Amino acid sequence: MITRKLLLATSLLVSSQAWAETLFINDATVHTMGIRSTMQDADILIRDGHIQSLGVDLDAPADATVIEAQGRPVTPGLFAGITSHGLVEISMVEGTADQTLGGKEMRPEFDVTPAYNPFSTSIPVTRIEGLTWCLLGATQAGSVIGGQGQAVSFDGGYSSFMGGKVLFISLGSGASAKSEGSRAAQWMLLEQAVAEAGSELSWLPAPLLTPAGRASLKSYLDGGPVLFEVNRASDILQVLAFAEKHGLNAVISGGAEAWVVAENLASAGIPVLLNPMANLPVNFDQLGARLDNAALLNEAGVSIAFTGAGTHNARNQRQAAGNAVANGLPWEAGLAALTSSPASILGMNEGFGTIEPGSRADLVIWSGDPLEVTSAADQVIIAGKSIEMVSRQTLLRDRYLEQDPALPRAYPRP
Amino acid sequence: MTFRKFALGLTLASFALAQQAAAEPFPSTYKAVPSEPVLIVNATILTGNGERIENGNLLISNGIIEAVSEAPIKAGKDVQLIDAAGRWVTPGLIDVHSHLGVYPSPGIEAHSDGNEATAPVTAEVWAEHSVWPQDPGFNRARAGGVTTLQTLPGSANLIGGRGVTLKNVPSISYQGMKFPGAPHGLKMACGENPKRVYGGKNKTPSTRMGNVAGYRAQWIEAQKYLQEWTDWENRKNGRKSDRTEEANPPDRDLKLETLAAVLKGEILVHMHCYRADEMMTILDMADEFNYKVSAFHHGVEAYKIADELAGHGVCGALWADWWGFKAEAYDGIMENIALVDRPEGGCAIVHSDSAEGIQRLNQEAAKAMSRGNRAGLEIAPEHAIRWITANPAQAMGILDQTGSLAAGKMADVVIWNGNPFSVYAKADQVFVDGALLYDRHDPARQALSDFELGQQLGVEE
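Each protein sequence line maps, in turn, to chains A and B.
Every letter in the first sequence is one number past the one before it in our numbering, and letter 217, counting from 1, is 217.
Every letter in the second sequence is one number past the one before it in our numbering, and letter 450, counting from 1, is 450.
Chain A on its own, in the form it takes in the complex (with noise of 0.2 Å):
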């Protein structure tokens, strides 16, 4: 197979066998997203899944894999947004589609990641274009309240979750339909949930939690994540005060007209997920979407992380990110809300989302500038391994790349 020898030889230069222990990167442009920066000939020494050391001019240790990067640029691991990954298969097939509880009931105690399956093909698809981690979402349920989610890593691992689990709470028009009609009501079921959750009576009167129900959301209320999906501005400023009011450690998703009370979100420290390349108005609350959102949340303060780009497409984040810095975002903060923010964001261990001596070794090396759609991941290394650059879909390019094949296409298993 000519083709695919060419392709393995022009993607990278590996000096002994792949899935090695020790690896030792070698003249890299690095993307620390950390303290250090940007380094330039750079050299990161990974050993047992983590980065031993960063510096340049380093010594390859004799039992190192020696990944020769020529001045690419190097990145943490990117991540994929809030997706479901692992969740689902093909989104219209039922069966293969575990990410929604359709019901009307409030269900915070619903957790997603029962269902996580880590060979879906949309893993391998995912992270060979160098994102490594999403945030699996409780995202469209049929209550206000969808349940919960968890970050996790795309290690391969049957749980390799990380950080904690993530309440999903959507408002706004789009859950109008789960609160009566009126997005006012959805304050009322809120209050109620959370008044529910912090009884002390054993039993209440026409309640809208089960018992694990309300369990579930009070330890939401003594401060893990609750990711509010709202997007229209006097929305944003609500959940502020309810997040305030509860001592809820809220994070905005969505947020279209999150640029309109940034000074607002700043100065409560509540940070937001977003697509930078939302600027129509699709319906009513998000009138006031834009192309430099983020732009102008990162220039208030407000910490930001990119997400929007679905499933399937996770791949296409460095895509928005390359349009947010377009459209007047530095480009370090672009970088930044595809890694180290989101790791912060939704509390990862420390050193997580950065390249630093100790932390986890999640990364990629790249063809060029990471953000820029003519750029592919050359090599992605999880958990300190090189992960085979192969998919579901390389395999079938390079089925179907071989022109005028003997046998029927049936046969090349590439």
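What the hints contain is simulated information worked out from the structure, not anything from laboratory work.
Note that the coordinates shown come from a computational prediction; the quantities given were computed from them, not determined experimentally.
Dumping the calculated SDA-like pairs for lysine to any residue here, alpha-carbon to alpha-carbon at most 25 Å:
#	chain 1	residue 1	chain 2	residue 2
1	B	Lys326	A	Arg409
2	A	Lys218	A	Glu109
3	A	Lys165	A	Ala197
4	B	Lys326	A	Ser91
5	A	Lys104	B	Glu109
6	B	Lys255	B	Met285
7	B	Lys326	B	Gly214
8	B	Lys326	A	Gly95
Given chain A, put chain B in place with the hints provided.
Frame of chain A, contents of chain B only:
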């Protein structure tokens, strides 16, 4: 008016009616915005013909491209000079698959006019009758360099109705946008959507074989209808004095009129079809009824039959990377466009099907180009630009008027602030028929729809 003129008028009117398509109903009223001559100099020009001209010059006057060349172009003193050093110039971008106007923003139920999903065949409906010209998406698309687009009905139906080709200009009516002389498209759909929509109502089609039986029955009807009209024309023309024949044409049928026009080659078929095997079925069906498919749209598996598509002269209008949202989109790969482009005669098109994607056709083409290059296919920007200019123009039957920068064509031109195959590129200026209808640096040349005017949060600075 004298009696004689009145009588003559009546006769002409009834004759015109009988001629059905002789005078196109809902005619275009598009008129180019008046403009002064413009000379663009020192640009990197991608002509859309496969050429790249460094330090190129382009002269526009009377709304038409006068000259494109590497050599200096002489122009009159009244010409406005634009120094495009460091900038790139391309033809105006063309989207062969849009629902702007029929599924506009905001996407409220009251505006949801893209699918007449009440019967599997609605060849009688015309997308233009649903177009809301105030859709803010038109202006967003123009800021992304799009000067022409085809608005199509949705894919709920086997035969969804006529699509309309629009010049992307602000207008109160769609007639004011209608591309002069462009043929109508006919939207057809394979696969899951029709069988889900009608199978779900316990109607036919509920299977893929039901889909194909559904199309074929319509083509048989259309053949018969066309024959009736051809026979009538022959009788009428054969016996000039027989006014009875003239006065008694066959009954018009809007559905069959559309389908007969396809069989006559006057309307171009744009067929939503994902799977390779289904596209092969459709190609055979087109042979059976002697019509041509202009382009398969979405074609997530088009790369599997790239040679067959090229051999039949059928374009693949594709996404750069969409996949996985439904079973028939499961085999998507990022090299689809590059592989469809590969054979001799291959016609690849980047389409959007999205109010967001249409704003960034250049980025989508850039992704497809770079994935092709990583697979060893060696695709240059001057070639890839064809996927969003000349090739869609060809599939829409308007390549003689637009889609490339050639003398005599409509001056649909974009000046980019750099290489358009970059995420950081932006359209600086967009000309439609020579008129500057978008300027990134001049708010006076940034259209705003009536819907957005006065929305307190809606206006970007």
